[in-house]
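S.K.: Okay, here's what each chain looks like letter by letter:
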Amino acid sequence: MKPVNKSVLEEAAQKLMFEMDEKQYDTLLEEFHTILSQLELIGEIPGVDEVEPMTFPFDVTNSFLREDVTQKPLDRDVALKNASDVVDGQIRLPKVVG
Amino acid sequence: MSYLDLNIYEIHQALLDGKVTPLELAKEALSRAKADTNNSFEYISENEALEAVEALKNKDKNNLMWGIPFVIKDNFSTKDIPTTASSNILNGYTPVFSSEVYVRLINAGGIPIGKTTLDELAMGGSGMTGHKGFTYNPYDPSHKHMVGGSSCGSAAATSSNIAPLGIGSDTGDSVRKPASHAGLVGFKPTWGRISRFGLFPFATSLDHVAYFTRSVEDSAITLGLLAGRDDKDMTSSFKPVENYFKNLKPCISGVKVAIIKEILDSISDQYIKETYLKTVDELKAKGAIINYVSMDIRLCKAIFPTYFIISCAEATSNNANLDGIKFGPRYEGSDYQEVMTKARTNGFSELIRRRFILGSYSLLSENQKDVFLRAQKCRRLIVNRVNEILKDNDVIYLPAAPTTAPLFNASADKLSDEYLIADNYLAIGNFAGLPSLTLPLGKKEGLPFGGNITGRAFDEQMVLNFSLGLQEITGLKNLSSKEGK
Amino acid sequence: MNFEAVIGLEIHVEMKTKSKMFSTSPVTFGDDPNTNIAPLDMAFPGTMPVVNKQAVINAIRVCHALHMSIDDELWFDRKNYFYSDLPKGYQITQQRRPIGSEGYLEIETSSGKKRINIERLHMEEDTCKQLHSWDCTLLDYNRAGIPLVEIVSKPEMKTGEEAMKYVEKIRSIVSFLEVSDGKMEEGSLRCDVNISIMPVGSKVFGTKVEIKNLNTLVNIQKAIDFEIKRQEAVLLSGGVVQQETRRFDEAKKETVLMRVKTDAVDYKYFTEPNIAPIKLSKQFIEDAISSSPELAEVKLERYKSLSLNDYDSNLLISNKDNCEYFDAVVANGANAKLAANWVLVDIQAILNKEDISIKQFKVSPKHLADLIKLIEKGTVSNKQAREIFVKMQENDADPNELVKAMGTTLISNESEILAIVKQVLDNNPQSIIDYKNGKDRAVGFLVGQVMKLTQGKANPALTNKLIVQELKER
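Chains as they are written, first to last, in my numbering: chain U, 1 to 98; chain R, 1 to 485; chain V, 1 to 474.
No lab work stands behind these hints: they were computed from the structure. No experiment lies behind these values; they were computed from the predicted model shown. We put the CB at the ideal spot given by N, CA and C, even for glycine. Certain hints may be false.
Stated by the list, open to error - Simulated coverage check for chain V against chain R, where a stretch passes if three residues somewhere in it have a Cβ under 8 Å from a Cβ of chain R: (1) 42-49; (2) 228-236; (3) 270-277.
To be verified - Taking beta-carbon pairs under 8 Å as the criterion, some of the chain R residues facing chain U (in silico): (4) A14; (5) Y43; (6) D335.
Chain U on its own, in the form it takes in the complex (with noise of 0.2 Å):
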């Protein structure tokens, strides 16, 4: 398991698109030690690595799937009503590179 310490929750909140201050990444430390105590118990429980992970509540499998037809698209203004920057019909972003 990676360590846990400040550089590597600097590096997932980067990677996550967001900022935090000092204090709040103290209070996150707090959280990972008891979180990760927590976790320790849990794999103590017998049995726990010999079943499958559990995704779905229940078996859920079906055989449904949407017949390939189409439905009108939304109007371009609709689509892009709550979109701040929009230029000649297109969401505008600072020029990507890479």
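Go by the hints and put chains R and V onto chain U.
M.R.: Same frame as chain U, but now just chains R and V:
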């Protein structure tokens, strides 16, 4: 007396008899919403309500939602009505489509009174973390107690009789816990029973549409309308929908009722415990078969971390679409990273950002096996045990919460080692996707508390029928914070 | 020191379904920006993905053509990362359980046949399109959510030619299966190359370099051949190959550095919780395969059985649209050999001249078939047919009508032709002698003379018969 203070099926009769009109009900509901002092609303939908009244077609004795006011949590997408999930990152966002739940309510003739407050992005249980501040428990005019969350606004509005129906969502206990604190019936049906199309996701594998009513009867009525397959939600079930209201009858005799000892034992409030045990005695007297069962204490203690890890991990991904580019407040920057980073730093509260880091840590390839996948495995162990219990029993019945509504406490949102099993166990209903209903059991010092009934997947009728029997035992039906005032 | 290259390819194919992978908005190319969007494509909160059946059918067909095992349960995963072109902040893909695994295809290069093994094929969705101008980037979500299949080869190719042939084969498969346009220039087939070199016989792979944005088959070959030489030069001069991403500079004909790769990005994959596992029945998979359009290889066999020669058959299958046209002409009752000749020679000349595709060609396959039938019956001569054909190109006129209107119906009256035949023979005694001396060519010359006198209106078959008959009598 106002007709708005009645149950849905009673209001329905009054509407049929012409004793009250949808417009009168809507106006009353709107005026109560405007007078709300509990911070229940993100948005009061006056125009939309009046338009909905205007658009009503002929009344229909079989459509019990006709003309009924409702409120809906602000994490349900509503076309042309601002929807923020009580987060600054969605300030000013006006959806271009409506959630399936909202569409069904409107099509049935429901009248939308407003969008209700929640813990930011539904990620909390206190009703304290939304961008509009604390939502208060209507039973405490001094505003010292929380109503609980994350569906705090819908709980407060339903309990103060602004509407007889409050739509919410439940990922860990976000309807069933506040229902306990607000003296309401809070029902979370089986995962997949109600379409989640248009519900802002928090943790997809745990999220459920759930709702508050003031009686078990109203809960059955609402389920009949909302349940059913929706091709827009691939996780919605194909199982046929029953007529839950028509088939509703009190059912106790012969019902096998499991009580999980470890959870009950973790409750220290003697009054709540005794009140609960009294109902157990009465159930037994009426012919219920009571079985005390056990769940490994280590599994009980694992409920919270398991929930926490899975929900934070899914949440960090589910909310990655919030970047200020397509919608939400936009910030300028020299590159797209700066644009996104400013939007997300300013848009999410500190708590949310901390949760996202925890979630993303658990998903890192280096950690996933030991953190996220292990939590998912633990989830299976817990679910296996719960389903074992429900193999031999029809329902699990326990207090819904270990206490009445807590006082506001500044550190409530911080992760702490001190937690009670009984304060977090309702999440097993989300792990296993089981139908689970909270209803009032009593009051302590003026604040209500509830019990919770959880049944087998898609056995909503059993849960409702048993709950109706229990409601008859307690006699606590149509509670309202208004009486206390 | 001698080196050998290790080349692996990742090919993204954009599918031409009607609607997108997970939403109901139309899949189109070249429309105005942001006019083909469903709420999901812009990741509005609360939207949910719903899997497109045709995309699954298409993926199954490609898997089958690549001899892959096909998973009978569909699972999707999220690939989590932030980028300006990624609306949801994650891409829905199939990381853990790709629909297809362990397949191969056979290529033919100048040094013979070779089997290239394929690791996996998975379904995913495209990102939005970025239009870069000098000072900003504009986002067009029309492309967001278009279904993709990604085909990942094993690193088993050794030369630029092999890689080029491999891509060519994949392109042929996806276009014959009608899964995709397969147009590299338009980005509907995109190819990323991973390439490293190592001393011949070594078991240890060298450092991998990625080449992106290769938009023609020729460039794939050129880029790889250049890159192999570049890496050899680096190693021979005592340097080390850096792990990096390069692109091909068409003008310089060399690969140039885009960026040095730092740590691999951690995509934090996990199962897509919005999509419950989808069971694919045996029947569903079989139906997808049996109803599949014909692959080039299968067509080739069929054309040979229609007694087309290898050259014509291969020429036909090099262009799927031509095949479709040809198949339709034959289906309308025309002789296959004649049809192939018309499609490959006459029509091709016009297409080249007008720079259009056969899809834009005016004459319908039905009417071309009718014309060929007229030739076969001897109702019109080849020369007349070509004149009629010119008229048909104006508005796809019915050749039968044209024949009537033009009065070009052949002289098929035996006595009328016989009179002319006699006249021709009288005027060409040398030809009679030639014929008697076994020179069959003389017949052709005489037929030509008859045609000349009748302005080509004599029924050629009849003329031929009468000339031979008359020659024998003299």
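S.K.: Now tell me if each hint is right for this structure.
M.R.: Now for the hints, and whether the structure bears them out:
1. 42-49: holds (count 8)
2. 228-236: With 0 residues close enough to chain R, the hint is violated.
3. 270-277: holds (count 5)
4. A14: Check failed: Cβ of A14(R) comes no nearer than 40 Å to chain U, outside 8 Å.
5. Y43: Violated: closest Cβ of chain U sits about 16 Å from Y43(R), beyond 8 Å.
6. D335: 5 Å, holds
Consistency with the previously given hints fails for numbers 2, 4, 5, ordered from lowest to highest.
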